[in-house]
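The listed protein sequences correspond, in order, to chains A and B.
For the first sequence, position 80 (counting from the first letter as 1) is numbered 80 according to this note's numbering, and the numbering increases by one without interruption.
All you need for this note's numbering is the position in the second sequence, starting with 1, plus 159.
Possibly wrong hints are sitting among the right ones.
Which bits of chain A does chain B cover? Going by a derived footprint, with three or more residues having C-beta under 8 Å, they are [unchecked claim]:
| id | region |
| --- | --- |
| 1 | 52-59 |
| 2 | 80-91 |
| 3 | 120-131 |
Which residues of chain A face chain B? A partial, calculated answer using Cβ under 8 Å [said to hold, decoys possible]:
| id | residue |
| --- | --- |
| 4 | 66 |
| 5 | 75 |
| 6 | 113 |
| 7 | 134 |
| 8 | 136 |
| 9 | 138 |
| 10 | 149 |
| 11 | 150 |
It is worth saying that the hints were derived from the structure and are not from the lab.
Quick caveat, the model's predicted, so the values are computed rather than measured.
Where a beta carbon is used, it is the ideal one built from N, C-alpha and C, also for glycine.
Here is how the chains run, residue by residue.
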Amino acid sequence: VSLGAPLPVTRRTVLGGALAGVAVLSGCGTTAPATTPEVDPDDALVDQVVAELDEVLLTVTALAGHRKLAEPLGPFLALHEAHRAALPEGVPTVDPPLPQGSVQEQYARLLRRERESGARLAGWAVEAESGTLARLLASMSAGIAAHVTAAPAALGDRR
Amino acid sequence: VTTVDALQTALAAEHAAVHVYGALGAATSVSATPELFAEVDAAYTAHRDLRDRLTAALVEAGATPVAAEPAYDVPTRLGNPALVRRAAARLEDACAETWAWVVANTVDAERRRAVETLTRTAVRALTFRGSPEIFPGAGELADR
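All chains should be built: construct the whole structure from the sequences, respecting the hints.
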């Protein structure tokens with residue numbers, strides 16, 4: 001079974017998906033509005049998600065520049081670039097974090113941040129009005145969980 | 160799509176998963192491939208528990224849970240551990256697609272459970288696949 005509909009790549013389609021999702025979830029057969037409302041119920045949520053994805057992507061990008069982290073963080077970089085590309089484009093509004101501590105500590109901190117991000121995305125998936133957006137966020141959250149599980153628990157470990 | 164419809168779809172998928180994992184279990188050996196046997200057994204148990212939870216939820220909602228089909232398409236080539244792993248990975252991918260669909264078609268507590276189940280399915284698929292998916296249950300996005 002599949003949803004059968006393309007998932008959003010721009011804010012406009014995110015909004016379109018949100019409207020479709022609300023209609024489906026309410027289970028009613030009322031006529032759809034003739035025009036797109038000015039305010040989409042998922043607008044603020046999408047902004048939060050974009051900021052979250054930007055911050056994590058910038059963090060991983062910065063850390064992946066380290067010789068010892070390039071290999072273990074390669075899959076995370078590909079993951080977050082793909083996730084970010086599924087949402088509206090925009091200039092990141094967050095700054096990359098300054099590296100602190102040993103490379104082992106930075107790696108451990110990143111894994112904790114990944115778990116935190118996965119949990120946030122799961123929570124936002126539940127909050128989303130649009131079923132299409134919820135599916136996308138839940139998939140992202142699951143992808144992060146799988147990547148964290150597959151990653152070495154500590155730098156130097158092999159999985 | 161109502162919540163009951165979504166749960167019925169999930170239950171139908173879990174009936175299939177339980178059946179196919181039974182066949183995969185029969186194709187593994189506790190003595191020759193103990194690790195694979197344990198992984199298939201754990202997956203079978205997880206899907207059986209999901210089936211039972213969905214059945215109970217549907218009864219509680221006043222619905223009649225869909226019954227298992229008399230038979231399912233079971234992979235015929237299961238002659239070595241790699242083929243069993245591949246079949247299990249495909250099965251988990253199909254379950255992930257279903258649960259992602261359930262996420263889109265439920266709200267509140269049922270959606271939360273679907274999100275959690277999708278995550279557990281993605282992690283379980285890793286056992287058989289060896290590498291993680293970028294968009295579990297929404298593979299069409301990974302190809303863009």
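Evaluated hints:
1. 52-59: violated (count 0)
2. 80-91: holds (count 4)
3. 120-131: This one holds; 4 residues, not fewer than the three required, reach chain B with a Cβ under 8 Å.
4. 66: violated, 22 Å
5. 75: holds, 7 Å
6. 113: Given a least distance of 17 Å, the restraint on residue 113/A is violated.
7. 134: With Cβ-Cβ at 5 Å, under 8 Å, it holds.
8. 136: holds, 7 Å
9. 138: With a minimum Cβ separation of about 4 Å from chain B (threshold 8 Å), the hint on residue 138/A holds.
10. 149: At 5 Å from the nearest chain B Cβ, residue 149/A passes the 8 Å test, so the hint holds.
11. 150: holds, 5 Å
In terms of the numbered hints stated before, the structure departs from hints 1, 4, 6, listed from lowest to highest.
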